[in-house]
Amino acid sequence: MSVRSPVFQALRLLSAALVLASGVARAEPYLAVQTGFKCVQCHVNPSGGGLRNSFGNVFAQTQLAAKRLGGDDAELWTGSVGRFISIGGNLRANASYAKIPDQQSTDEFAVEEARVYLDVAVIPGRLSVYLDERVAPGNSENREANVRFWLREGELYVKGGKMYLPFGWRLEDDTAFARQLSGINMQAPDNGVEIGLERGPWTAQLAVSNGTAGGPETDDGKMFTARVEHVQNAWRVGASATLNNSDAGDRTGAALFAGARWGKFSLLGEVDWFDDDGIGANGRQRMATLAEANWLWRQGHNFKATFEWFEPDTDVDEDEQTRTSLVYEWSPVQFLQARFGVRRFIGIPQSDPQNRTEAFLQLHGYF
Amino acid sequence: MASRRDPRRRQALRTGALVLGTLLAGCAGDGKGLDVNGRPPGESGAGLPPATGATFKAVQDNVLTPYCTGCHAGASAPLGLRLDAGNSYALLVNVNSVEVGSLKRVLPGDPGNSYLVQKIEGRASVGARMPLGGAALSQANIDLVRTWIAAGAPTAEGPGVVASKAFAVTSTIPAAGEVALADTGSVTLVFNAGVDAALAQSGTLELARVDGPAVALASIEVSAANPTVLTLRSAVALPAGDYLLTVRGTGATALADQAARRLDGDGDGQPGGDFSIGFSVAAQSPAAGVSSMSGERK
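Chains as they are written, first to last, in the numbering used here: chain P, 1 to 367; chain W, 1001 to 1298.
Keep in mind that a hint or two might mislead.
DMTMM-like, lysine to aspartate or glutamate: derived pairs with alpha carbons at most 25 Å apart [to be verified]: (1) Lys99(P) - Asp174(P); (2) Lys99(P) - Asp352(P); (3) Lys38(P) - Asp219(P); (4) Lys1032(W) - Asp1143(W); (5) Lys99(P) - Glu141(P); (6) Lys264(P) - Asp352(P); (7) Lys162(P) - Glu141(P); (8) Lys1032(W) - Glu311(P); (9) Lys162(P) - Asp219(P); (10) Lys1032(W) - Asp102(P); (11) Lys1032(W) - Asp315(P); (12) Lys264(P) - Asp275(P); (13) Lys222(P) - Glu1221(W); (14) Lys99(P) - Asp1143(W); (15) Lys99(P) - Glu1121(W); (16) Lys1032(W) - Glu318(P); (17) Lys1032(W) - Asp174(P); (18) Lys38(P) - Glu172(P); (19) Lys99(P) - Glu1221(W); (20) Lys99(P) - Glu172(P); (21) Lys99(P) - Glu318(P).
To be clear, the hints were calculated from the coordinates, so they are not data collected in a lab.
Here the structure is a predicted model, which means the values were calculated and not measured.
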């Protein structure tokens, strides 16, 4: 796209307005909280994650990085390849360290994952075909493949195929207690249908899926997942619920989540509760909580602290676990991020894995 | 303004760190009365200390429960793979991988071609190494899984294991002579071939108290994912006592495999004969008798 094109000029005006209005945004929940945006503001997928739309891409180039290489007049990447096709991707490469008590520490380099996204807007604004393919590590593996049709443009849509289900905060960290407990994260897509509403300050989704987290369907039970969120400029609150009817044992879950912005600080919280009939002789009720604080020190520099708590069985005392993380996120230039973090796990003393320490340095490139 | 070397400032920082550390640690359980996996003693299967030797109990207690069940449990387990103690064996052994359908998750006798091993060693052709996002398993734990698979991936050690070319029971949970935990409500049988599910009925399989009537069964289910695994579930948890499990290999109600071979129940290498084992159910788990503030079930 030319820097003189009308679209470019519109995007520049848009990004300039955002600078004045809200500061910085990125495709993560805490940045949505910082800006007061809905997920659909920056993502093709109305419930967030995956391919960024033109707005999201411009945002990434003008608002996220500490410095914009090429200066303000550099040509902007919007993800659009022609009028109908958009592409994008993510690659996360890690250097990590882990220490489990009484075991030798480990450290390694590894590609956490690389993904590419493709969205074909067959009827722009109304009908799209979307693909999310994990291309590393290992062979290519499809994560999302769905058709999205806006029954009312920008307001009401239906989506069918393989997709990530809507539940709680869509965290980047799939290993967070809350995302592990729910089983609904960026590693576990499911096949089904979703209907979503975007109206005023409200965003809501209802999905019906196999409930096998991408595995083959083995019974006639289905999973119902709902998420509703009320978004205001400085705060938001939401709730999710899920019921998975399965021969493996029914599963019921609920979550409350909220976020608020205060100057350069943004706070997120979530409480999850799940009841699994299929675990143990009598079923099991489990809980997880997340508290996250972000301090946007200056553009391109964010400090994140999280505290998580996990109750593996509400019928058993003294088995709780915690996970505390400190993460520094540095975006030196557009489309590049370096993350350094330390995570400390504390659990019952007799379990070594529950008392481990992890550290990581991650290089994240995206477009 | 206090300098960086100000002892009062250092003391304040030290105190703050101590208070913060105490608060964070205080939110975690102290683990009193629990086994290494945070369960009441005995519930994990092998009790304290964890089972040693390359048995399935050891694999469950040392690998699957502590490292895998954070995600792989319950109805929404990733790819339908539930690795908690009650489900793992039936969903692992001789079951095709979802990610690479040409491989078995566990191929008895062949750890190198078992997808489970490839995933924990980080050499699977699809996806990331497991445990996802965490440190690699220790070599000792990987060796434990490899050794168990190389030994044929037996369900349990001890009595009940039969080597036969005829259609036969290879193992049971509980095993013959085992004292099962209180509240046990199911019995699992593993065969050396897929069971004809149409024949898995109450007249063919019977669970009865040694000194009492037959147990009312809620279901007799052949695993759809792995038809070598059959599970009997009682309508209510089995009361404490001695039990006899019988599987008919003779008569009109004989059990047969999917190739219509009748059960070799008596282990003579020929079709026919009833299979039976005895086991007991404990009055209560060791933890249940402890009335301390911690570790008992609420």
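Practice problem: Take the C-alpha atoms of lysine 1032(W) and glutamate 311(P), compute the straight-line distance between them, and say whether it is at most 25 Å. | Solution: holds (15 Å)
Self-check item: 25 Å Cα cutoff - pair lysine 99(P), glutamate 141(P)
Solution: violated (31 Å)
Exercise. Would you check the hint for lysine 99(P) and aspartate 352(P), treating anything up to 25 Å between C-alpha atoms as holding?
Key: Holds: lysine 99(P) and aspartate 352(P) sit about 10 Å apart, inside 25 Å.
Practice problem: Compare the distance between the alpha carbons of lysine 99(P) and aspartate 174(P) with 25 Å, and conclude whether the hinted pair is satisfied. | Solution: Satisfied, since the Cα-Cα distance of roughly 20 Å is no more than 25 Å.
Quiz item: Within a Cα-Cα threshold of 25 Å, do lysine 162(P) and aspartate 219(P) meet the stated pairing?
Solution: Between lysine 162(P) and aspartate 219(P) the Cα gap is close to 18 Å, so the pair holds against 25 Å.
Quiz item: Quick one, are lysine 162(P) and glutamate 141(P) close enough, alpha carbons at most 25 Å?
Solution: holds (12 Å)
Quiz item: Do the alpha carbons of lysine 38(P) and aspartate 219(P) lie within 25 Å of each other, as the hint requires?
Solution: violated (36 Å)
Quiz item: Is the Cα-Cα distance between lysine 99(P) and glutamate 172(P) 25 Å or less?
Solution: Roughly 23 Å between the alpha carbons, so the hint for lysine 99(P) and glutamate 172(P) holds.
Quiz item: Within 25 Å, alpha carbon to alpha carbon, are lysine 99(P) and glutamate 318(P)?
Solution: Measuring from Cα to Cα gives roughly 23 Å; hence the hint holds.
Practice problem: Take the C-alpha atoms of lysine 264(P) and aspartate 352(P), compute the straight-line distance between them, and say whether it is at most 25 Å. | Solution: Not satisfied, since the Cα-Cα distance of roughly 38 Å exceeds 25 Å.
Practice problem: For the pair supplied as a hint, lysine 264(P) and aspartate 275(P), confirm whether the alpha-carbon distance does not exceed 25 Å. | Solution: At roughly 37 Å apart (the allowed maximum being 25 Å), aspartate 275(P) and lysine 264(P) break the hint.
Quiz item: When you check the alpha-carbon spacing of lysine 222(P) and glutamate 1221(W), does it fall within 25 Å?
Solution: Satisfied, since the Cα-Cα distance of roughly 20 Å is no more than 25 Å.
Figure legend: structure checked against the earlier numbered hints; hints not met, in rising order: 3, 4, 5, 6, 12, 17 and 19.
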